[in-house]
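Colleague: Single-letter residue listing:
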Amino acid sequence: MAYYKKLKADLAGAASAGIITPEQADRVWERAYSGRAFASFKAVHWIAAASGLFIAMGVILIAAHNWDKIGAIAKMGAFLLLFAGAAEASIRFEEKPAAAIPLETLWFFMPVLGIGLYAQIFNLSGDPVKPYLAWAALSAPLALLSKRPLAAYLCSVLLFAALYWGTLGAQSILSLTIHYNQSAQPLWHWALALGVLAAGFALYPGKKLDKPLGAGAVWLFFMLVADTAIKVRSEALVLLAGMSLAVLWLEWDDGDENGKAGTPLTLWVGAVYAMTFFWHYRPDSYNVFGHTDTPAGAVVTWAVFAAAAATLALRKQHVLPEGRLEDYLAKGLLGLSMLCAFLLFDANTGSAKMLAVLANLILAAFGTGCIISGAKNSDEKLINRGVAVITLTAVTRFVDIFGGLLKSGLAFIATGLAFAALAYFINRGRKALIESVKK
Amino acid sequence: MNKLRIVLGLQLVIFIAWGGYLLSSKGAASPEFYLETRPVDPRDLISGTFVALSYNIGDPQAGNCPALTKNSVFFVKLENRGKTFNSASGPLPVYEATDCAVTPPAGEGNWARAEKGYGFRPSARYGIERFFLNEDNPLKDARSGSVIAKVKLGHNNQLILLDLVKKI
Chain A
0 MAYYKKLKAD
10 LAGAASAGII
20 TPEQADRVWE
30 RAYSGRAFAS
40 FKAVHWIAAA
50 SGLFIAMGVI
60 LIAAHNWDKI
70 GAIAKMGAFL
80 LLFAGAAEAS
90 IRFEEKPAAA
100 IPLETLWFFM
110 PVLGIGLYAQ
120 IFNLSGDPVK
130 PYLAWAALSA
140 PLALLSKRPL
150 AAYLCSVLLF
160 AALYWGTLGA
170 QSILSLTIHY
180 NQSAQPLWHW
190 ALALGVLAAG
200 FALYPGKKLD
210 KPLGAGAVWL
220 FFMLVADTAI
230 KVRSEALVLL
240 AGMSLAVLWL
250 EWDDGDENGK
260 AGTPLTLWVG
270 AVYAMTFFWH
280 YRPDSYNVFG
290 HTDTPAGAVV
300 TWAVFAAAAA
310 TLALRKQHVL
320 PEGRLEDYLA
330 KGLLGLSMLC
340 AFLLFDANTG
350 SAKMLAVLAN
360 LILAAFGTGC
370 IISGAKNSDE
380 KLINRGVAVI
390 TLTAVTRFVD
400 IFGGLLKSGL
410 AFIATGLAFA
420 ALAYFINRGR
430 KALIESVKK
Chain B
0 MNKLRIVLGL
10 QLVIFIAWGG
20 YLLSSKGAAS
30 PEFYLETRPV
40 DPRDLISGTF
50 VALSYNIGDP
60 QAGNCPALTK
70 NSVFFVKLEN
80 RGKTFNSASG
90 PLPVYEATDC
100 AVTPPAGEGN
110 WARAEKGYGF
120 RPSARYGIER
130 FFLNEDNPLK
140 DARSGSVIAK
150 VKLGHNNQLI
160 LLDLVKKI
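Respectively, the protein sequence lines represent chains A and B.
Residues 0 to 438 (numbering that gives the first Met the number 0) make up the first sequence, in order.
Residues 0 to 167 (numbering that gives the first Met the number 0) make up the second sequence, in order.
Check before you lean on any hint, since a few could be wrong.
[Claimed, not checked] Chain B side only, calculated, beta carbon under 7 Å to chain A, not exhaustive: (1) 7; (2) 18; (3) 21; (4) 129; (5) 167.
[Unchecked claim] Coverage of chain A stretches by chain B, computed from C-beta distances (three or more under 8 Å per stretch; other residues unrestricted): (6) 62 to 71; (7) 110 to 117; (8) 139 to 149.
None of these hints come from the bench; they were simulated from the model.
The C-beta atom is built at its ideal place from N, Cα and C for all residues, glycine as well.
Make a model of the complete structure from these sequences and hints.
Modeller: This is how it looks when you write it as structure tokens:
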């Protein structure tokens, strides 16, 4: 509701400033307000909903109190009736979103309620992930056939949650991590996990797959660093896998409605920012787990790197707006961020410091590229992003490396002057562009 | 017919069939017997009220068991060797694990289906590790080790947990 309050205030302000007429302000406000969620709900609907909620809660509590006195068949019968009723109502009210959305949500959750109920009645226990996979399997047809994307979205989230929980745990049919030094998990666990991953992708609604792609990339990275059959332990391979997956996600992400990258870009910047701390790397201090890369892990890492490199060469970049210089800069920086990992093979203090310097340069070049490209395209957000990246990098380095008040102070002044010079040249470029258009 | 109604029909058929299987398994004509429990920390707070149970037969050591508990599925022979516990209704015999096999020998004793458990050493899980109950049930405060479990064999040699009996 805060949005509508602000909109009303802004429209009143625009009307009083003479930008629009008060009538226009009223009409805009009414149009926007009528489109809010539950707009068709009148007071009587809310009272009816509250009444239904209270009665349902009362029935549930009375049933809970007499739970032991109700027979197994009666419990199962009541559940099946409720299940059928909710689903049938969802089908009948398919065209009325105010009723169909909550009913379809209830239908989606009915299988897991049933599994839980049967487990209570028959004292079932065992694999903790199986019930959730069974729930996803039972709800997948609804997700595929429903006109709305709601069930598909919920089912996809459920599958990814089960994938993370099951594979990182050690006590389920999805477990991929090795438990208490036991032998590796069976291969069919991997087949099942990959099947769940594929189903999560397939069920995700819409054509934009950036979110499942990101979830899959992060999951694969977890599998590489956890104690699995594809674990990698050397810093070089871990960094190469991490940066390659970040680039892969960034390159396959279609971005927002304007084609601008969002979360994956932030993640990539974060990963490069983390690389700047290799300045303090000491080869001996990272040997906690030993350098025991698995052959499968190495193959997966190199495959991910190859895929990221091929994608970088073949796909359009979304890091900066389109343009010859922007394309070269963005692709160059993404490629360089991956290649930095090669400095960690047989790393020593010197190569790690070079890696940190390169990471700082990548951030500085990315920030400058954002500012220049943002000025060219009149994109304030892009300019702000560039300033934020450079400021964060500069402040971190001053605190991290200089430490002392005098050196840090001088460095801050130097950065301020650099920003001022950048602003001056950008303004001159903008004026020259306007003049060239006038001629 | 609407495709969504077919989906609903299939979902209901699955739950009806599963419920029927569980009911008939619970009603199977097999003997009921008792198992000794041992203390365990319940850790799951989202499944409602239940007593978390661990069993002496969860760590079978007799016969072929040490070799077979590494299998994902195996069968454990359960029999009474004279051990009893006192309950309010008198002494009750408890069953112990006396052997393990890959497949249960036909018509020879009580063989319970077990799955590989997780822990520092190989163990067995039977799917009877939780006893759900109402918040008014006095057994709510019971802890594994202070009770013995009344069980029977259902379909496919699956153990079914019927009740808990307090030890005296």
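Colleague: When I compare C-beta atoms, does the stretch 110 to 117 of chain A have three or more residues closer than 8 Å to chain B?
Modeller: Holds, because 4 residues of the stretch 110 to 117 of chain A bring their Cβ atoms closer than 8 Å to Cβ atoms of chain B.
Colleague: Min Cβ distance, residue 18 of chain B to chain A: is it shorter than 7 Å?
Modeller: holds (5 Å)
Colleague: Holds or violated: the hint that residue 129 of chain B contacts chain A, with Cβ atoms closer than 7 Å.
Modeller: holds (4 Å)
Colleague: Taking a Cβ-Cβ distance under 8 Å as contact, does the stretch 62 to 71 of chain A have three or more residues in contact with chain B?
Modeller: The restraint on the stretch 62 to 71 of chain A holds, since 5 of its residues have a Cβ under 8 Å from chain B and three suffice.
Colleague: Close enough to count: is the Cβ of residue 7 of chain B nearer than 7 Å to one in chain A?
Modeller: holds (4 Å)
Colleague: Against chain A, is residue 21 of chain B within 7 Å by beta-carbon distance?
Modeller: holds (5 Å)
Colleague: Are residue 167 of chain B and chain A close enough, Cβ to Cβ, to be under 7 Å, as the hint says?
Modeller: violated (23 Å)
Colleague: Taking a Cβ-Cβ distance under 8 Å as contact, does the stretch 139 to 149 of chain A have three or more residues in contact with chain B?
Modeller: holds (count 4)
The structure fails hint 5 only (numbered hints given earlier).
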